[in-house]
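Chains as they are written, first to last, in my numbering: chain P, 2 to 302; chain S, 2 to 302.
Keep in mind that a hint or two might mislead.
Which copy? The list can't say, so a pair holds if one copy fits it or any two copies do.
[Said to hold, decoys possible] Straight-line distance between alpha carbons at most 27 Å, and here's what the computed DSSO-like set of lysine-lysine pairs gives:
#1 Lys227 with Lys291
#2 Lys35 with Lys66
#3 Lys39 with Lys291
#4 Lys291 with Lys249
Hints in this document: simulated from the structure, not taken from any laboratory.
Please read these numbers as outputs of a predicted model, since none were measured by experiment.
2 protein chains.
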Amino acid sequence: MTTIETVAKRFAEIQREICAVLEMADEKGKFGEKHWSKEIGNGITRVLSNGSIIEKGAVNFSFVKGNVTPRMEQFLGEKAGKYAAAGISSILHPQNPWVPIIHINVRFFELDNGICWFGGGIDLTPHIIDFKDAADFHRTLKEICDSFNARFYPEFKKWADDYYFLPHRNETRGVGGIFFDWLKPGAENNFQELFNFTVSLATAYPEIYSVLMKKNGFKPFSERGKKWQQFRRGRYVEFNLIYDRGTKFGLESGGNTESILVSLPPEANWEFDYTPPPGGFEEKTLQMLKKEIDWINELKS
Amino acid sequence: MTTIETVAKRFAEIQREICAVLEMADEKGKFGEKHWSKEIGNGITRVLSNGSIIEKGAVNFSFVKGNVTPRMEQFLGEKAGKYAAAGISSILHPQNPWVPIIHINVRFFELDNGICWFGGGIDLTPHIIDFKDAADFHRTLKEICDSFNARFYPEFKKWADDYYFLPHRNETRGVGGIFFDWLKPGAENNFQELFNFTVSLATAYPEIYSVLMKKNGFKPFSERGKKWQQFRRGRYVEFNLIYDRGTKFGLESGGNTESILVSLPPEANWEFDYTPPPGGFEEKTLQMLKKEIDWINELKS
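Pulled out of the complex, with its shape left as it was, chain P reads as follows (with noise of 0.2 Å):
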């Protein structure tokens, strides 16, 4: 097997792994499997819906391949003939407003020059922010970062804060959390090492979510608290129509249009100029979509 047959193998094996984690923590919903196959590649996509705890989730697999268009240049950041590339991606819409939307993405592209590299993503997007849970987020991926490379978090952490960011409201999409890309092998990190990397992060992805189900699937919640959700996910639609690359990416090269759009929401609102009650867990939310918080250290402070 080639380097990205073995990286595209395991991660296959992950994607049903995250599956298996996430179904035993919502107890009711299954996830579906639909393959699928194009000129530029396949995939699996996998969606759960209406679970007790999952409204919506989606994990993808995908291995494609194709020609370095000069448009694809811009997005790779490199010039080469042929690129080939496999990831997995995954986002979570839950159906309680105090469980948080989640999405990861882990990546590897390889070049026809022999360059190649690793890229992802993972970050936490409450529709109301609980500022113990995500510093535990972030406490739990600075654990993973920290036992590859310590300057892995501190980087990542600032890279999502500027990803994950929608300029147009001036607001982060959540608490952020990690985000890399042309992660190479190199001096500080070989390629086994990156490798076990995205591996760990996919495979906390679940835990990470079950935990967070665990806490709040089941919490009651009023009409203004789902309301509330349904302008975030609002949000959440404009983030990734306008801003995510991994949309963009997947629409220009000619990807599967349903794979890539399962990320939206099952339902999502927009009301002209909504201003939430002051005091509220809306405002207080709003208020904590900013970037460069120090989720972890700030509340020992």
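We have chain P; now place chain S onto it with these hints.
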């Protein structure tokens, strides 16, 4: 007054006229009014929420100016130092799935090098296509176009087919209409004629919609019809956030976010890999979401 001030003044008046005609047809809903002012310019956003027929309707007027950055050059398709633009844009989302979504935009651009032009578009997006309604809509547009220039309708109808199109879905947004840009005063039509052309479109817009409101505004509809409407609204969101030039121009040039994204529906749904039941109104509608349908003449043959 300079030319653009004259245009802006008339556009602002038309905004009021559009709202007045729509309020009359709705019989219940009233347009609110919000003035905004930013570095780029100012505008008035008028929104009607939860009318008897219109669920969320917006009519925007804006008058903006700024430097022509390299990015702005791409939008304008012209080089210059400074630009100014005045425009009306409107989108109406009805409660009833048997009433279409409608959209209009008319705009006037003026550069500091003396170049000026009109642009705009009007298109109809039925959730459920009625061929005769679509033909009537196109016939009305053709009559307006023909009274100014016989080349307008055929050229602008084709432009609309190409513009109001979602490549990732291989679907037109709806039954099209007309789209035009860089319409400069010249040998064929002088400034006043082109100005009158955009004014004619903008004043016809609420009249066209009033007929459609009256026809189906209170028609009984099923849960299935409402569900389908929510999916079609999802497609509308996709078009507006991924492709719409006005949205991109507005957000990137520092426009008023709430006034730009007021075009989004009150609610939209997405379901993975949804396939409508065979032979139903959904499937029939999907089959008509194609370019190059000759709406006016096809029924006759």
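Right, here's what the structure says about each hint:
1. Lys227 with Lys291: within (23 Å within a copy, 37 Å between copies)
2. Lys35 with Lys66: within (20 Å within a copy, 50 Å between copies)
3. Lys39 with Lys291: between (40 Å within a copy, 22 Å between copies)
4. Lys291 with Lys249: both (25 Å within a copy, 23 Å between copies)
Violated hints are absent here; each numbered hint is respected by the structure.
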